[in-house]
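Chemist: Model the placement of chain G on the given structure of chain H, informed by the hints.
Residues per chain, in single letters:
There are 2 protein chains.
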Amino acid sequence: MMNIILLSGGSGKRLWPLSNDVRSKQFIKMFRGSDNELESMLTRVFRQIRTVDPEARITIATSRKQASTIKNQLGEQVNICVEPERRDTFPAICLAAAYLHDELGVSEEEVVVVCPVDPYVQDSYFEALKRLAELARQGESNLTLMGIEPTYPSEKYGYIIPVTADPVSTVSAFKEKPDEKTAREYIAQGALWNGGVFAFKLGYMLKRAHEMIRFKDYPDLFAVYGAQKKISFDYAVAEREKQIQVLRYNGEWLDLGSWNTFTEAMDSDTIGKVTLDNHCKNTQVVNELNIPILCMGCRDMVVAASVDGILVSGKDRSAHIKPYVEALEQQAMYAEKSWGSFTVLDVQEDSMTIKVELLPGHRLSYHSHSHRDEVWTVMAGQGCVVIDGMKRIVRSGDVITMPAGCRHTVIADTRLGLIEVQLGTEISVEDKQKFEDVD
Amino acid sequence: MMNIILLSGGSGKRLWPLSNDVRSKQFIKMFRGSDNELESMLTRVFRQIRTVDPEARITIATSRKQASTIKNQLGEQVNICVEPERRDTFPAICLAAAYLHDELGVSEEEVVVVCPVDPYVQDSYFEALKRLAELARQGESNLTLMGIEPTYPSEKYGYIIPVTADPVSTVSAFKEKPDEKTAREYIAQGALWNGGVFAFKLGYMLKRAHEMIRFKDYPDLFAVYGAQKKISFDYAVAEREKQIQVLRYNGEWLDLGSWNTFTEAMDSDTIGKVTLDNHCKNTQVVNELNIPILCMGCRDMVVAASVDGILVSGKDRSAHIKPYVEALEQQAMYAEKSWGSFTVLDVQEDSMTIKVELLPGHRLSYHSHSHRDEVWTVMAGQGCVVIDGMKRIVRSGDVITMPAGCRHTVIADTRLGLIEVQLGTEISVEDKQKFEDVD
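Protein chains in written order, with the working numbering: chain H, 271 to 709; chain G, 271 to 709.
Hint data in this document are derived by calculation from the structure and do not stem from the laboratory. Quick caveat: nothing in here was measured; it's all calculated off a predicted structure. Any given hint might turn out to be false.
In this list, chains with the same sequence are indistinguishable; a pair is considered to hold if it fits within one copy or across any two.
What the hints assert, rightly or not - Derived pair list, reagent style DSS-like, types lysine-lysine, alpha-carbon separation capped at 30 angstroms: (1) 283 x 543; (2) 607 x 592; (3) 426 x 551; (4) 592 x 543; (5) 607 x 283; (6) 283 x 551.
Bound conformation, chain H alone (with noise of 0.2 angstroms):
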């Protein structure tokens, strides 16, 4: 049985506005799955480590704020080891590690691999995971990487050179981001892109987690984590390792990082409420608005629209999103809530108005306003509310109206949705006290 630990990180702000600080790429639903229902690059990657490894057991090492996408994506299917802050790859694992030992019980003598939960790739991709493993198991080298052959010279990877062009080799060294002559030069001496891939046996990993960091087991290090300083895992573990060895893969990769590249991966020119007209060439959209999206004589660009906002840009510039996205500054319009999700649908000066939509079995934190009433309409679904202590069941046409101080939570029985207008002059997310849970 194979340990994969799948770091899930990423600002998401490259792949604004599908993207946010809330929804990370990899959590956008946009490749077209085997039973052609769309499926995120998490749901394709968990999928295709299945139908390589049914048996494998799967770690997302992540943040507190992408974990409730991740359950809604995979429940329960997957172990999810929260960072309380990030800290770069190498705390990371670290946390990662000590959890696969001291809460899933995993032996010192068992081989784990990491991977980022992003990349675009074939089965190859895992079958070769396997061999990685297969390589750490076998122990001739302390740690086994996955080099992956270039196909042009990138100044955006770091690049292992090995000793020899065979296809296991051992490393002679790690190379930082070349520019492109430098780049060009690795590559004839048969270098390989770093992308972040390893296979060691545990033992291995708790061992450098421990000659670095002062901690006892998983609940120690998770008190600590914070004080940790950021580190990647290159730079503490994989560049300072002697017995190291490369698998070479060559088969189809792709770094889904920004929307040209992105944009290579989508089975269709077009997601939503799209038109095209025939002078288009080279485009996609993907529209997640209601309202149709119509191109006339676009070329070479990609066109996001979310209720976050609007990307129309060249492919050219695409890569250099962030800056402008930064700029904008702006509250997340749509979310994936551990209970479902919510949307801004209108922002006033004195009111704002939300959509709320909660899964079944699912209910809001039992909590109350100082600033502000708010009114709920049910527009579909059946449950139960908590106003001020006193339960009341509710259905689509209900309303109840929550004066400002007034404690109130909603539990949904079957899929629920509702409308939320917020009434008063200073409406804010820090305006909010939680309650313990009531019955």
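Modeler: Below, chain G alone, put in the same frame as chain H:
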């Protein structure tokens, strides 16, 4: 004093999504006015007429659909002559002429100038209108036209061939829209564009009207209007008239009929929440949505977004928009009404959420629905509702529930905003029974 009839028509498809069946292009507020407020073509033309002639008596000939918007933008400052149905320019001008005579008491000797509502011109154009009226008053001809000095051999306009090249000349012939080669020949002969502007004495026009339509007075013509055939003023009158002269106009004149010409008239490249990176060139963006638009590397493009949809078009293609918009065939998501406006916020299978904004002193009709319940949450303002004959004062935060069959209305004292949630499986605009207004 000058009498002016402004013809306000247009299907509104060519400037989609900012224009729609209800909101034609002349109502879109996107020109910077003298006080830096955004103005529409309608309010701009109105302001310009008032500048050259503060006393001008202005009548707008238009359809039922547009009358509310005109009232919202200009209030009581203009007379509105509403056509019961659309019947092309000859019947429309006959109806307006009868309206001037019978409703406003304009004498048969007074001069009337007819002009489209949407030319994008400088004030000198309106000075030329005054000169046109003066020529008509002198009475050397029955009909005096404005001929626009052509700037290129356009295939979009009809041509007027004058006898001489003098500033004022008698007309020798009219020519239908030609092909480019023929247009070139016309221009070589000194031909002018026919911009649909003409002046006459009211009695002359009434005589032409009575010759072709059997009617007594304005109310009578209004009653038989729907039975008239569609025929243009050029065809019915101008091309048959012998005593006709033309005034040359060589000032700036833009026909903002499609996005590529419309954007030429914009004072700045962007309106609304828009970011352009410094690789954008010759690109204009109009954003009426509340979410940001980010454009990167766009060249010679126009981007326009409203609650009806999003257009992303190369300027060279934007004139071909009409069939694509017709294919979209959607319900308007935003509409200005005599009482205010509505915006569709959310559409679900069994519910619909709408924002309703009422102007002070205005009300909805008293009505009921057979197949849906409704809930109103007042967001802002004050007024009263009438529910099955019972009156109730309401203000921000109040909630009104209206089961199917219940008669209801809301009357705004101040500007009043409310969120309406419609609940039912058969939500349709047709499901509405109106009753006599209650006090």
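Chemist: Determine for every hint whether it applies to the structure shown.
Modeler: Evaluated hints:
no. : hint      : verdict
1   : 283 x 543 : both (24 angstroms within a copy, 18 angstroms between copies)
2   : 607 x 592 : within (25 angstroms within a copy, 41 angstroms between copies)
3   : 426 x 551 : both (27 angstroms within a copy, 28 angstroms between copies)
4   : 592 x 543 : both (26 angstroms within a copy, 18 angstroms between copies)
5   : 607 x 283 : within (19 angstroms within a copy, 40 angstroms between copies)
6   : 283 x 551 : both (26 angstroms within a copy, 24 angstroms between copies)
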